[in-house]
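Chemist: These are the residues of each chain, in order.
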Amino acid sequence: IAGITQAPTSQILAAGRRMTLRCTQDMRHNAMYWYRQDLGLGLRLIHYSNTAGTTGKGEVPDGYSVSRANTDDFPLTLASAVPSQTSVYFCASSEEGGGTDTQYFGPGTRLTVL
Amino acid sequence: GQNIDQPTEMTATEGAIVQINCTYQTSGFNGLFWYQQHAGEAPTFLSYNVLDGLEEKGRFSSFLSRSKGYSYLLLKELQMKDSASYLCAVRDGDYKLSFGAGTTVTVRA
Chain A
1260 IAGITQAPTS
1270 QILAAGRRMT
1280 LRCTQDMRHN
1290 AMYWYRQDLG
1300 LGLRLIHYSN
1310 TAGTTGKGEV
1320 PDGYSVSRAN
1330 TDDFPLTLAS
1340 AVPSQTSVYF
1350 CASSEEGGGT
1360 DTQYFGPGTR
1370 LTVL
Chain B
62 GQNIDQPTEM
72 TATEGAIVQI
82 NCTYQTSGFN
92 GLFWYQQHAG
102 EAPTFLSYNV
112 LDGLEEKGRF
122 SSFLSRSKGY
132 SYLLLKELQM
142 KDSASYLCAV
152 RDGDYKLSFG
162 AGTTVTVRA
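Residue numbers (the numbering used here), protein chains in the order written: chain A, 1260 to 1373; chain B, 62 to 170.
Hints in this document: simulated from the structure, not taken from any laboratory.
Certain hints may be false.
Said to hold, decoys possible - Cross-link-like lysine to aspartate or glutamate pairs, in silico, DMTMM-like; alpha carbons within 20 Å at most:
| id | chain 1 | residue 1 | chain 2 | residue 2 |
| --- | --- | --- | --- | --- |
| 1 | B | K137 | B | E70 |
| 2 | A | K1316 | A | D1285 |
| 3 | B | K142 | B | E70 |
| 4 | A | K1316 | B | D153 |
| 5 | B | K118 | A | D1360 |
| 6 | B | K118 | B | E138 |
| 7 | A | K1316 | B | E70 |
Claimed, not checked - Here chain B is said to cover these stretches of chain A; the calculated rule only asks that three of the stretch's residues, wherever they fall, bring their Cβ under 8 Å from a Cβ of chain B:
| id | segment |
| --- | --- |
| 8 | 1301-1313 |
| 9 | 1364-1371 |
Ideal placement from N, C-alpha and C gives every residue a C-beta, glycine not left out.
All chains should be built: construct the whole structure from the sequences, respecting the hints.
Modeler: Have a look at this one:
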């Protein structure tokens, strides 16, 4: 059982380019999340999805978009990357999105925008 | 917005005890989580508190006081492998997790 996988592991990207970060989980969790982690700021929620077909905005959604076509996959797209989007991106999933739900994290993608 | 405060860094000796405090002010409360994160790795779940009191899990314990907006994570019998960042996270009224910036614990021999 892999849990949550993310790709790529790391990426250097020119500003203005489009980039999609991939996230796949095999735990059949309903809820999935994207966070970014920056030094001194902790993890901040970008977008989330409580179930396939639905998405919502988190704390820092600007410049990012997501889709949830099925239960397993939750890609994050940067339409036109900017240097302030340099960060480590973590995907997470949980069974339901509420109650005593625990979120489990993928290994992360380290993105550098030049 | 949410406000979650925890110390930036702590240092302790192998075999000792360290207590990491977390204070929070959030819109609603639906539980508090502690995660461990080793450098370059993903956060991993340590503990969950939703009622007041102490939850013990081996060498790690977590305490919650909802009236004071306060939690602590207690690490006993410290080992070198416990050197990591410890993240306090609060689930708010909308069931979204807000994280503190994390406390980096360094265990010295």
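Chemist: Determine for every hint whether it applies to the structure shown.
Modeler: Now for the hints, and whether the structure bears them out:
no. : hint                 : verdict
1   : B:K137 with B:E70    : holds (17 Å)
2   : A:K1316 with A:D1285 : violated (24 Å)
3   : B:K142 with B:E70    : holds (16 Å)
4   : A:K1316 with B:D153  : holds (15 Å)
5   : B:K118 with A:D1360  : holds (18 Å)
6   : B:K118 with B:E138   : holds (13 Å)
7   : A:K1316 with B:E70   : violated (31 Å)
8   : 1301-1313            : holds (count 5)
9   : 1364-1371            : holds (count 4)
Hint violations for this structure: numbers 2 and 7, all remaining hints satisfied.
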